[in-house]
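Here the protein sequences come in this chain order: P and F.
With the working numbering, you'll find the first sequence wraps up at 111, consecutive numbering, no jumps.
With the working numbering, you'll find the second sequence wraps up at 1081, consecutive numbering, no jumps.
Keep in mind that the hints were calculated from the coordinates and are not lab data.
One or more hints might be untrue.
Counterexamples of contact, computed for chain F against chain P with all Cβ distances above 12 angstroms [said to hold, decoys possible]:
| id | residue |
| --- | --- |
| 1 | Asn-232 |
| 2 | Gly-236 |
| 3 | Arg-260 |
| 4 | Val-262 |
| 5 | Lys-340 |
| 6 | Glu-387 |
| 7 | Gly-451 |
| 8 | Arg-614 |
| 9 | Ser-665 |
| 10 | Lys-712 |
| 11 | Ala-1055 |
Only some residues are given here: those of chain P computed to face chain F with a beta carbon under 8 angstroms [unchecked claim]:
| id | residue |
| --- | --- |
| 12 | Gly-27 |
| 13 | Gly-31 |
| 14 | Ala-32 |
| 15 | Thr-35 |
| 16 | Gln-41 |
| 17 | Asn-47 |
| 18 | Leu-68 |
| 19 | Arg-75 |
| 20 | Arg-78 |
Owing to the predicted nature of the structure, the values given are computational and were not obtained by experimental measurement.
Don't be surprised by glycine CBs; every beta carbon is placed ideally from N, CA and C.
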Amino acid sequence: MKGTYLGEFEEVVLLAVAILAGDAYGASITNEIEQQLGRSVNLGAVHAALHRLEEKGLLSSRLGGATAERGGRSKRFFTVTMAGTKALDTIREIRNRMWSAIPKPA
Amino acid sequence: MHWFCASHLVNDLEGDLLELFAQRVRTHGPREARRRYVRDVFSLMRPFVIKEKPEKYPQPTFAHPAMIRNYFKIAFRNLAKHKMFSFINVLGLSAGMTACFLIALYVHFELTYDAFNKKADRIYRLSADIQSSAGTLQYSITSWPFGPNLQSDFPEIEAFTRISKENYLFRKGDIKFNEEKTVLADSSIFRVFDLKLLQGNPQTALKAPFSVVLTESAAQKYFGERDAMGQTLLIGDNGDAAQVTGIMQEPPVNSQLSGEVFLSMTTHTRHYNTAVNEEWGNFGTTTYLLLKKGADPVALSRKFPAFLQNHMGRLLQQENISLTLLLDPLLDIYLYSKREADQSGSITNIYTFAIIAVFILIIACINFVNLTTARSLERAREVGVRKAVGAGRWLLARQFIAESLLMSFLSFTVSLVLSAAFIPLFNELSGKTISSGLVQEPRSMAILFIASMVIGLASGIYPALVLSSFEPVKVLKGKFAMTGSGALLRKSLVTAQFAISIALIIGTLVVYSQLDFMRSHELGFAKEQTVVIRPGSGNARNALKTLLQNLQGVKSVAASSAVPGGDNSQAHSKLENSRGEMQIATLDVYRVDFDFIPQYGLKVVAGRPFSKEFTSDSTKALVINEATVKLLGYQSAQEAIGKKFNQWDREGTIIGVVKDFNFKSLKENVKPLTFRLLDPWNSDLLSIKMNGGNVKATLEAIETQWKTLFPDRPFSYYFLDEFYDRQYRADERFEALFLNFAVLAIFISCLGLLGLASYSTIQRTKEIGVRKVMGASAASIVGLLTKDFLQLVGLAFLIAAPLAWFAMHRWLEGFAYKTNIPLWIFGVAALLSALVALATISFQSIRAAFMNPVKSLRSE
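So here's chain P without its partners, still in its complex pose:
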């Protein structure tokens, strides 16, 4: 199934949405990722990832909240769904298990 696998960039985007909690839309997510990772990302790449995540059912979106800065255009807000939270948990669990499996230098 498509839904089970998350790419590295998808994971970052999903985390960014979770961090922004309720204030996540294209521009803010891009800014968040740029600050967190310290590298510049394309808006197109972000939207592509958002689109895929929504298709996989890890995100949901609604329209709203236009500002003057956006030329009166509405924002598309993204929120993490239950499935999304679960997917993040699973990834974290896997990572933790792997970290703990690293043999510690004596």
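With chain P fixed as given, assemble chain F onto it according to the hints.
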């Protein structure tokens, strides 16, 4: 951004772009921000962005099968519902299409003359211009030595073949035929032309003397079902035995080579005229040259003068003439060459017919458009309802186009049937087997089908656009009236139709009056009650003449080498002119006996005709016509009498002058003509003048006499007047075709007018009702309705008359003797078209005028 982005995404993506841009201007500065903006836009060009979100209600696809089925179902219902209207419409369109198809077949036939030869582009006919002090003679024939010598001198000539057509008598037991167009040909004919032998070897079939190749039908004629190969036929008056060495598939009709019986050229060159292969001056055969691939005909013909000097130099100098050889491309001979050819057509006729075809098609299309838009009132409601329930304009347009396609398909089917029925008639009319039937021509059928669909589409687009543009609200409220521009368009279309029809009527009448003029023109000789037979020359002819003169019912008999309306020889002549010099000229010659001039009623204006009392007449006398007198520069006919002449081994004096008579068709002026007494060994025609009495009995008596003298030869004869008028057969065909198409054009135009009249009467129903209530009479209402249309016809006449006059004036230029275009023709044309139009309209208008006003006013 908008042009690639899906509509449901564009809004927030743009928002994001703008917001990021504003932030980056602040943090990174405008340049960096702009750069990032551009990068982001490009990064957004991704499949998911471009793809539209699926709609809740799926859009109908462009060509949904169910929808298309629906179009045609509705179209069918509409056709069936308005049977009269559909009938008129289909009838008009199919009449136009039929005419067009037939003309297209004809034009194609004419344009593909000789094109069946695969090597046609490399085949040339050798023509010659002979210049002497008498002028230039344009020959399409050359003498026998040219072909072989050209081939041996010039490597770029791959092959040559010489072709002559002569009259031979063929016999097989009791079956005998005079093959008037026996083709004498070199064996290389099969190398040059693509004639297919079914039996026999093409390399050798026509090599040996007395070899005969028959076409399938000719073989059938002589041998019936039996195998003709290897059989013997007797040829000529002496009955030389010839062997059948090949059976040929019928050559195409549109070819210079049409013929049934092919005889080897060696029969002629080795037996009948053994010297002819060396006689450079004996012009009498057509030479075709096949050039090698890539050979340049222009470069080749530049070498001809040296060739002529080399072979004929002395002869040309002796005769004091010069000769130019030319290469005529085979494909141009039929339509473009002015020289004499076995078959020749006229490119102007083809243009004329093509133009007529286009005109008729235009008329038919206009009709279609007119009739369809005229019904818009009726269908406006339908359009309104359809639009109200959500049909788009384009969808409606498609429906109407489907309807017109269906209509044109029906018309195509009808016109196929009509064409098939008319092809035999058309063949007869044009005098050629243009097509043996549509079934044999799947390719042209396919082309015609596509053409008819295009016609349907083209004439369906305008009504479709008009009908589909109605605004539903207005239409459904009943406040609907056609716009002025639409009415203007329809009116001008009808005017155009009538202008074309009137032009065709005028054309027909002019052609008719010219032909009538020619038929009744005083020719200057008596052509009535004269029968011409061809007994051949020599003593037998004289014996037959004596026998016939004594028959009851025969007034007199005259022998000659030619008769008016036929071919005659031309002779290199020297005559003393008014300055006392011997003027050289090539003149037409009639060799006649003592009875010819009196029997033909030729009027002697000076001197005397030939007479038995002067023995010197047979070698030293010449009679000329007035045109010759003029040529020699004499003031009066009397002056020419007694002047010297030298022609064809005879020297002597001019003894008489006859009044000019038209011995050729009236298309040409009377040319200078000379008469000389015939020699016993030439002149093979007898003209028999009969008393009024029983023509049939007399002919039978003549035949009986013929049988006693020539038991082996079939008896055939022709009447002089018919023979003479045969020269106008092409023009008569032209007239017949013109007439038919003019009638057709009028017919179709009337259908269109009928449509328009019924439309406008319906529109004015209420007006008529009110007028009647106010006390208008039926007559005044008919007048009211008719006036508009008669104005259109009048306008059409004003447009058509000068154009037709101009065109027909050009046509008449081709005749030396022509009638003036009489004014009554225009009157008749105008009156005729007005009457026809009136009859068509009155059908509608009278009905409207007698309608009860109560009904028409209550209609809401």
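request  = Could you tell me which of the hints above the structure violates, numbers in ascending order?
outcome  = 1, 2, 3, 4, 12 and 16
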